[in-house]
Structures are given as C-alpha cells and as structure tokens.
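The listed protein sequences correspond, in order, to chains G and S. The opening residue of the first sequence carries number 1 in UniProt numbering; numbering runs sequentially from there. The opening residue of the second sequence carries number 1 in UniProt numbering; numbering runs sequentially from there.
In short, the hints are calculated from the structure, not lab data. Wrong hints could be hidden among the right ones.
No distinction is drawn between identical chains; accordingly, a pair holds when it is met within one copy or between any pair of copies.
As a list, the in silico EDC-like pairs of lysine to aspartate or glutamate whose alpha-carbon atoms are at most 20 Å apart [as the list claims (entries may be wrong)]: (1) Lys-94 x Glu-303; (2) Lys-94 x Glu-74; (3) Lys-94 x Asp-66; (4) Lys-94 x Glu-267; (5) Lys-94 x Glu-47; (6) Lys-94 x Asp-113; (7) Lys-94 x Glu-109.
These numbers come from a predicted model, not from an experiment.
Read off the chains here:
There are 2 protein chains.
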Amino acid sequence: MSATASRPTLEAVAERAGVSRATVSRVVNGAHGVRAALAERVRRAVEELGYVPNQAARSLVTRRHDAVAVVAAEPETRVFADPYFAQQLRGISKELTAHDNQLVLLLTEGREDHARVGRYLAGGHVDGALVFSLHLDDPLPGLVRDAGVPTVFGGRPGWDDGRDDVVYVDSDNRGGARDAVRHLAGLGRTRIAHITGPLDQTSAADRLAGFRDVRAGADPGLVARGDFTSGGGERAMRELLARCPDLDAVFAANDLTAAGALRVLRERGRRVPDDVAVVGFDDMLPVAEQTDPPLTTVRQDIEGMGRLMARLLLRGPDRGAGAEESTATAPDTPSGVVLPTTLIRRASA
Amino acid sequence: MSATASRPTLEAVAERAGVSRATVSRVVNGAHGVRAALAERVRRAVEELGYVPNQAARSLVTRRHDAVAVVAAEPETRVFADPYFAQQLRGISKELTAHDNQLVLLLTEGREDHARVGRYLAGGHVDGALVFSLHLDDPLPGLVRDAGVPTVFGGRPGWDDGRDDVVYVDSDNRGGARDAVRHLAGLGRTRIAHITGPLDQTSAADRLAGFRDVRAGADPGLVARGDFTSGGGERAMRELLARCPDLDAVFAANDLTAAGALRVLRERGRRVPDDVAVVGFDDMLPVAEQTDPPLTTVRQDIEGMGRLMARLLLRGPDRGAGAEESTATAPDTPSGVVLPTTLIRRASA
DNA sequence: TCCCGCGCCGGGAGCGCTCTCTCCCGCCCG
DNA sequence: CGGGCGGGAGAGAGCGCTCCCGGCGCGGGA
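Working from the sequences, and respecting the hints, build out all of it.
In structure tokens form, the structure reads like this:
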C-alpha cells in the first residue's frame with residue numbers, strides 16, 4: 001500500500017544525528033530547550049533522510065489530529081450552492097492550510113450517511129467540524145452536537161433558538177436584502193415585489209425578513225414564493241404579474257430566480273430596468289453577468305465566510321466544547337458572526 | 001481537544017465481553033474464526049460501550065489509512081471548472097464512502113503549496129491520490145510521482161507520452177467534439193467555425209482535435225482561440241465574424257464560450273440557429289439552459305468520472321492489467337479510461 | 001568550597017491497535 | 001484408547017511517536 005520502502009523514523013534520525021529520540025522530537029516540533037548546535041545537526045539529519053513524522057503515531061499519543069471535517073449535505077452543494085460551496089471550501093482550505101490542518105470532506109446523502117457521519121465525528125478522528133446546514137429540519141446539527149466535537153456552522157442553523165453555544169458564520173442576508181430593496185426604492189420604485197427562496201432555508205427566510213423590514217406594510221400580493229431555481233423564478237414572476245400587473249420592481253431571492261424572472265418579463269414585453277427593475281442575490285458570476293441585462297445583485301464574501309469558519313474553529317471555542325459544562329466565560333466569542341454584503345450595480349436596476 | 005471523556009478502547013470492550021483484545025479485534029474487523037456466540041457477545045459490548053476503533057492506532061500498525069487525497073489546483077476549480085469540480089468531488093465521495101475511505105482535500109495555489117502537497121503525499125498519510133491536472137506544464141504530476149503514492153489523474157495529463165503507466169480518467173473530449181461538429185454538418189452547415197479553449201489544457205486541445213477530425217481541410221480562418229470564458233468567446237466570435245462573415249455554425253469549446261459567442265451574434269443581428277447554429281460543450285446547467293436560445297451542447301458524465309477515478313484507485317492501480325471487467329481501451333493508451341459524452345439538443349443548433 | 005538550582009538531554013513508559021505465535025481443547029483416525 | 005491435527009482463543013511484542021522524569025554538568029550564592 002504505502003508503496004515506498006519503509007520511511008525513516010525518529011529513531012533513525014536520532015541515530016544519524018547522534019542524539020536521542022526525545023531530542024529529535026523536540027527539534028521537529030519547534031525546537032525549544034535544545035542547543036542551537038545540536039538542533040542544527042538534527043535538522044540536517046532530518047533533511048538528509050527526508051524524514052516526515054508519522055502522523056498516526058503522533059495522533060495516537062497527542063490525541064490531536066490537525067484535521068478538520070467539513071460536512072455538507074448533497075442537495076446543498078447541488079441545487080443552488082454549487083460555485084458557492086466550492087468557494088467556501090477554498091476559503092476553508094486556505095485557512096486550514098495556514099494552520100497546518102487537513103481538510104476531510106464528508107458529503108452526505110440520505111439517512112444512512114448521517115449515521116456514518118455521526119460515527120465518524122464521534123470517533124474522534126478530527127479535531128473539529130465545519131458543518132453546512134441550511135435547512136430548518138436538518139438532522140446534521142443534532143448529530144454533530146451528540147458527537148461532542150467542536151463545531152462551527154456555515155449559515156445560520158434553523159434551530160438557533162438563542163442558545164449561545166452555537167457558533168456559526170453567515171452573511172448578512174437580511175441586511176443585504178434591505179440594501180437591495182432600499183436601492184429599488186431609491187430608484188423611485190413604489191410597487192416592489194419579492195420572490196422568495198424556499199423558506200425552510202434560513203437564508204431565504206432572512207432575505208424575506210429584510211424585504212419586510214423595508215416594505216413593512218406592503219401588499220402581501222407582492223410576495224411570491226420561489227425555490228432558488230430559475231424555473232421557480234419564472235413561475236413566481238408570472239404569478240406576480242397576474243396579481244399585480246402594475247409592479248415596477250422585483251427583488252429576487254437569488255440570481256437564478258432573477259434570471260427566470262427576467263425571462264418572463266422579456267416575454268411579456270416589459271423592459272428591464274425601464275418598466276421593471278430587478279435585483280438578485282449572490283452575485284453568482286456565470287449567471288449574473290450572463291443575463292440580459294446584466295444583473296444588479298447583492299454580493300457576499302463567500303470565501304471570507306469559509307475562512308472565518310475555519311478560523312473560529314481553530315481559535316477554538318473548544319475548551320468548553322464538552323457538552324454539559326456550563327462555561328460562565330465572558331461571551332467574547334460571539335455565537336454568530338455575520339459578514340456584510342455589498343450591492344453590485346449592473347444594468348438591471 | 002477531543003472533548004469527550006476518554007473513549008472506550010478495545011481493552012474495555014474485551015473486558016466487558018470477557019474475552020481478549022485479540023478476539024475483539026477479530027470481531028471488529030469482519031469476524032473470522034470466532035465462534036458465533038462469542039462474536040455476538042463482543043458485538044453487544046461494542047454496542048453498549050459505543051466503541052469506535054481508534055484509526056490512528058490502527059494505521060500505526062497496518063500502515064493503511066483508508067484515506068485518499070484529492071489534489072486540485074486552485075485556478076481549475078475557479079475559472080471554468082467550478083460546478084464541474086464539485087460534481088466530480090461528489091462522485092469521488094460516493095465511491096470512497098462505499099469503500100469506507102475518507103476524502104482528504106488538498107487545494108493548491110502557488111509554488112509553496114506544491115511543496116506542501118508533495119510533503120504531505122510523501123509523508124504517507126494517505127493510501128493514494130486523485131489528482132486533477134489539466135495543464136501541460138503542471139508541476140503536480142511530477143510531485144506526485146516522486147511521492148511514490150498510487151495515483152489516478154482526472155483529465156488526461158499533458159505529458160502522457162504513451163510510455164508512462166499513467167492512470168487517468170477523462171471524458172471523450174475528442175469524440176464529443178466530433179459529434180458536435182457532425183451534428184452541425186448534419187444540419188447542412190458548411191462553414192463551421194470553432195472557438196478553442198486555452199490550448200495548454202488537454203481538454204481544449206482534444207476538442208480542437210475532434211473538430212479537425214471532421215473538418216480536416218477546413219479554412220484555418222475558421223478557428224479562433226478562446227480561453228473558456230465568455231469574454232474570450234465574445235472576442236473570438238468577433239474575430240471569426242470579421243474573417244469569415246459567411247460562417248453558418250460555431251462549435252464553442254465550452255458553454256461559457258458559447259454564451260459569449262451567442263451574445264455577439266445577437267448584437268450583430270445574426271439569428272440563432274437560423275443564420276448561425278451554435279454548439280457548446282460541458283452542459284454546464286446554469287449557463288446552458290439560461291442562454292437565449294438554450295444551448296445545444298455536449299454533456300459529460302462528470303460525476304461518473306469522479307466515481308471511476310476513485311474506483312480505479314481503490315482497485316489498486318498497480319495491477320490494472322488484471323483480469324477484470326476493465327473498460328475497452330486500447331493497450332497503447334496504457335491505463336487511460338475515457339468516458340463517453342452525449343449531445344444534448346436544445347434550441348441553438 | 002559546597003550545595004542548590006537550572007537548563008539540557010536521554011531513558012523509558014506507554015497511546016490503542018494488529019498480528020504472530022503459542023496454547024488448549026475437542027475430534028477424528030489409527 | 002492414544003496420538004495427531006486443526007480450529008479457536010489469549011499472550012505479548014511491537015508500530016512511531018510524545019512526554020514525564022531523572023540525571024548530569026555548570027554556574028552562582030552562601
């Protein structure tokens with residue numbers, strides 16, 4: 001299996017350098033209390049032998065793995081979050097790499113996978129977990145909690161019931177939505193509609209909340225339900241047009257939805273943005289730039305979210321991560337971190 | 001770190017079941033030579049204690065890790081391959097999961113990362129590697145080879161000179177391109193142009209080769225160079241239109257390119273498909289379905305590629321010539337497996 | 001001068017598991 | 001009825017590493 005002829009051990013390095021295993025070990029993990037001359041000799045031996053520490057042996061005694069699990073449910077990574085997830089992954093990867101941690105990817109699909117993930121996490125193979133859980137009824141969070149592993153969530157978990165032992169990173173869906181709607185209002189639009197995402201996802205719910213923040217008393221007929229797909233956007237747009245033919249702006253819960261809406265608007269002969277202004281969400285590039293006209297939308301710092309998740313995990317809210325011990329610590333590690341969004345102005349609004 | 005109070009060991013299970021460690025070990029790894037009654041008792045003890053084997057300890061002695069590294073360079077996962085890479089990852093994940101292997105994700109960016117990856121692979125932390133290497137001058141393949149780890153490549157490596165026993169999985173870029181061009185020809189088009197991808201990537205080169213297979217003696221002016229982006233597609237399309245105003249079909253190296261071409265064609269008042277038929281490649285859904293008109297394109301089984309890569313690796317790439325149901329590849333392409341593509345007909349051609 | 005203390009280094013005991021080797025017991029065959 | 005044989009179970013030796021502890025040499029204070 002491991003192909004190469006037996007790799008050199010600490011022992012071998014020690015012998016070559018004429019010191020003990022302990023000394024080599026000290027040098028290898030950040031020399032400290034070793035005379036410079038000796039340390040140098042050890043380093044040379046390491047170099048010459050091409051020594052690489054055996055992580056398994058190390059973990060066995062330290063009980064640390066320098067590895068973090070990233071858990072995501074299949075559907076997320078598929079439907080709407082594709083480039084999204086990849087970008088978060090990139091952010092996570094960078095941060096982990098910077099701290100010499102490995103990234104173990106766990107993609108789940110269906111119930112049995114959940115059990116598997118639970119077992120894996122509980123098995124103590126990793127030092128922590130980054131979990132993407134976008135649905136209200138997602139079983140993952142519970143599993144992870146039972147596993148007793150330090151965890152940071154990506155996206156606000158639906159069951160964030162105020163317990164502050166839940167650490168998550170999200171972008172400011174609500175604030176971003178407010179910005180989008182205010183932008184439309186600032187354009188002088190008065191009949192602003194909203195196509196939601198699937199409301200069992202917190203991001204969709206939060207965007208709707210943001211819309212309502214700004215258009216408090218708006219005609220409820222101006223809100224139609226979508227599902228983060230372009231097909232859903234088309235359907236919702238038709239519905240809206242039927243109910244409120246006089247609408248002059250649409251805030252779509254994501255870019256795909258906006259693309260669908262755009263298509264229907266064109267088909268109905270409404271000019272964008274002249275007759276109807278449209279704003280999306282996500283700034284999913286291949287889509288937002290490709291639409292006609294290019295989409296004004298709300299951009300999130302997706303990679304930054306990933307980075308932050310990893311950083312929070314590594315900084316460790318741990319210590320108190322053991323389930324029951326009620327740490328009366330000062331809450332300077334916020335339970336939820338929300339990243340700002342920015343409105344990207346293109347031609348559609 | 002690993003939070004929970006010390007997890008139960010083999011020893012603990014053994015004690016509870018009233019047997020020796022060895023026996024528990026035998027039961028845990030596929031009972032074999034243990035009396036049913038005893039085995040059952042052990043299994044109960046495992047259950048009751050919630051025992052999970054310590055992978056580190058196991059690896060230490062077996063020298064296996066049941067883990068596979070997936071190595072990909074940043075730019076790939078970014079520019080063109082975003083949803084693409086995610087899908088392959090999904091396929092890989094499924095296959096690995098089915099064989100109880102973990103997926104360690106290594107994203108690289110820049111030279112120092114390469115060194116890091118090399119060290120990691122050489123460090124014997126994983127049983128094998130799946131490497132995505134699309135560029136001719138990619139340093140990754142060399143690194144991996146030096147690391148002496150069983151490897152399967154995703155995409156034909158540029159330096160596959162026919163001598164190397166390189167195992168890779170690719171989709172039939174050349175054949176798919178041929179299908180696309182034949183389809184255009186079958187539509188009665190006679191002035192068929194091609195917008196290439198960046199030709200330092202084998203996929204782009206192979207698609208160009210496929211185009212040439214069908215249009216052997218074609219006017220060289222009918223080939224323009226793109227870069228797999230929509231901007232590149234626009235530029236190339238303008239160029240083509242300037243050189244050959246009478247062209248009546250375009251085969252674009254990927255969907256993004258096609259989308260760019262489509263935009264230019266519309267801007268120039270050419271009707272698609274009436275005046276100019278357009279075919280893309282990839283069937284990148286958010287793009288291909290979103291264009292106007294929806295894009296006829298060549299679909300690859302991306303997830304299947306991922307799956308196959310993992311399967312080949314787990315099968316043990318060294319004895320790939322074994323008497324298995326190996327795919328029908330010519331022996332002169334030593335260990336490359338090429339997956340078929342299918343033409344998806346939509347409105348653009 | 002002696003002794004205490006401190007800074008470096010080596011010895012050794014495991015971490016939790018697998019695997020070989022040995023032992024034991026029951027059964028079959030001579 | 002005894003010896004050989006084979007299958008099932010246990011004992012023990014590590015895998016490569018970290019970390020505790022004890023020893024040793026040197027310097028400074030009494």
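Hints versus structure:
1. In this homomeric assembly, Lys-94 and Glu-303 come within 20 Å of each other (Cα to Cα) only inside a single copy, at 9 Å, whereas the closest approach across copies is 25 Å.
2. For a Cα distance limit of 20 Å, the shortest separation of Lys-94 from Glu-74 across copies, 10 Å, qualifies, whereas the shortest one inside one copy, 22 Å, does not.
3. Taking the shortest Cα distances, Lys-94 and Asp-66 sit within 20 Å of each other inside one copy (14 Å), while across copies they are farther apart (24 Å).
4. Neither within a single protomer nor between protomers do Lys-94 and Glu-267 lie at most 20 Å apart by alpha-carbon distance, with minima of 44 Å and 41 Å respectively.
5. Taking the closest pair of Cα atoms, Lys-94 and Glu-47 never come within 20 Å of each other, the shortest separation being 26 Å inside a single copy and 39 Å across copies.
6. In this assembly of identical chains, Lys-94 and Asp-113 lie within 20 Å of each other by CA distance solely across copies; the values are 10 Å between and 27 Å within a copy.
7. Taking the shortest Cα distances, Lys-94 and Glu-109 sit within 20 Å of each other only across copies (9 Å), while inside one copy they are farther apart (26 Å).
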